[in-house]
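All chains, full assembly: derive it from the sequences and hints.
Throughout, the numbering used here is defined as the position within the sequence shown, counted from one, plus 8.
Please keep in mind that the hints were generated in silico from the structure rather than gathered at the bench. It is possible that some hints are incorrect.
Lysine to aspartate or glutamate pairs mimicking DMTMM-like chemistry, simulated, CA-CA at most 20 Å apart [claimed, not checked]:
| no. | residue 1 | residue 2 |
| --- | --- | --- |
| 1 | K58 | D71 |
| 2 | K330 | D229 |
| 3 | K186 | E151 |
Derived Cβ-Cβ restraints for the label pairs, each shown as a range [stated by the list, open to error]:
| no. | residue 1 | residue 2 | range |
| --- | --- | --- | --- |
| 4 | M33 | D141 | 18 to 24 Å |
| 5 | G47 | K245 | 16 to 22 Å |
| 6 | A264 | A328 | 18 to 24 Å |
| 7 | P304 | G277 | 23 to 29 Å |
| 8 | E54 | V231 | 14 to 20 Å |
| 9 | D23 | V265 | 44 to 50 Å |
| 10 | Q272 | E50 | 42 to 48 Å |
| 11 | Q105 | S69 | 14 to 20 Å |
| 12 | E50 | G277 | 47 to 53 Å |
| 13 | K245 | S69 | 30 to 36 Å |
| 14 | L287 | N219 | 35 to 41 Å |
| 15 | G284 | K235 | 56 to 62 Å |
All C-beta atoms in this analysis are idealised placements derived from N, C-alpha and C, irrespective of residue type, glycine included.
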Amino acid sequence: MVFGSFGFIRAPYGDYWKFMKKLIMTKVLGSQALERSRGIREVELERFYKNLLDKAKKKESVDIGEEAIRLVTNTLGKMSIGSSFSQDNNDATKVSQLCVEFGALSHEFFFAQVFHKLLQKLGISLLKRNIMDVSRRYEDLLERILVKYEEKLDEHQGNECMDAFLADESAEYKITGKNIKALLAELFFGAGDSSASTTQWAMAEIINNPNILKRLREEIDFVVGKKRLVQETDLPKLSYLQAVIDETLRMHPVGAVFPREFQQECTIGGFYIAKGTTLVINAYGVMRDPDYWEDPNKFKPERFLASSGSSWQEERREQAMKFLPFGGGRRRCP
9 MVFGSFGFIR
19 APYGDYWKFM
29 KKLIMTKVLG
39 SQALERSRGI
49 REVELERFYK
59 NLLDKAKKKE
69 SVDIGEEAIR
79 LVTNTLGKMS
89 IGSSFSQDNN
99 DATKVSQLCV
109 EFGALSHEFF
119 FAQVFHKLLQ
129 KLGISLLKRN
139 IMDVSRRYED
149 LLERILVKYE
159 EKLDEHQGNE
169 CMDAFLADES
179 AEYKITGKNI
189 KALLAELFFG
199 AGDSSASTTQ
209 WAMAEIINNP
219 NILKRLREEI
229 DFVVGKKRLV
239 QETDLPKLSY
249 LQAVIDETLR
259 MHPVGAVFPR
269 EFQQECTIGG
279 FYIAKGTTLV
289 INAYGVMRDP
299 DYWEDPNKFK
309 PERFLASSGS
319 SWQEERREQA
329 MKFLPFGGGR
339 RRCP
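Shown next, in the form of structure tokens:
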């Protein structure tokens, strides 16, 4: 939406899209890449904890969504360009603000695309101006950050994400500054908005369900103890916490609906579908369908715990077509 097909999300399926996906999965989000960058996340998470503790001691109010966006953008900034926005509070504020604005505009933009003829006379041009304004401000911010990165390139040696973009002259595709800014925008906006929304909904559901909060505390006390905070390495052992997150995503998906465009004409169930037709998938409806979920409108993390006699993998396979918080297929959010 911000940089069009220069990025990854809106690029048409083909060699360039596959190249970019491979780059992201190997250099940013792959298991080995995540393991190598674990130290970065630990530092930013500790900074996040300390900030919340300081505000609690001062009895200050906390905007969980804003703090979550700041944590994610700081972490991604360090992982991708070797610089945490927490080192420049002004940049951190700007990125967080742009993420919030982008999140609101993305929902409007989606419905404008689907119902563009109906909405054409009801302010669609204003929406486009707002999108262009956010895009311009974000591009200016990223341009300044990338210039700083290149000026101090020696300090960032070993940053695999940016090295992959800038250093490989023999790569299948020559990555331009526009491509880099587009990809960073998609990482920051996508992760920032979704993390903030999911964190806020999870907190709301936990507060409204004291029994779930009690069980969650018991699991954390048993696995982590009471003398330290939860670390990333604890997560595989915190099955109920993971179930709470999954149930939050089921009931409150970041993308309630998501579009797919047919690249060629076809016939499905006797209906002819022309090339270029947009299919809108109602993920919210699927994940609250009583045919698929027992008590679909009730917050029940237990549904995501492996039942006796079945493995976690078996449960996941059964849920593959009905648990769609990040879409599905090739275009599924990594």
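Quick rundown of the hints versus the structure:
no., hint, result
1, K58 / D71, "15 Å, holds"
2, K330 / D229, "32 Å, violated"
3, K186 / E151, "9 Å, holds"
4, M33 / D141: 18 to 24 Å, "32 Å, violated"
5, G47 / K245: 16 to 22 Å, "20 Å, holds"
6, A264 / A328: 18 to 24 Å, "19 Å, holds"
7, P304 / G277: 23 to 29 Å, "25 Å, holds"
8, E54 / V231: 14 to 20 Å, "19 Å, holds"
9, D23 / V265: 44 to 50 Å, "29 Å, violated"
10, Q272 / E50: 42 to 48 Å, "47 Å, holds"
11, Q105 / S69: 14 to 20 Å, "18 Å, holds"
12, E50 / G277: 47 to 53 Å, "50 Å, holds"
13, K245 / S69: 30 to 36 Å, "33 Å, holds"
14, L287 / N219: 35 to 41 Å, "40 Å, holds"
15, G284 / K235: 56 to 62 Å, "59 Å, holds"
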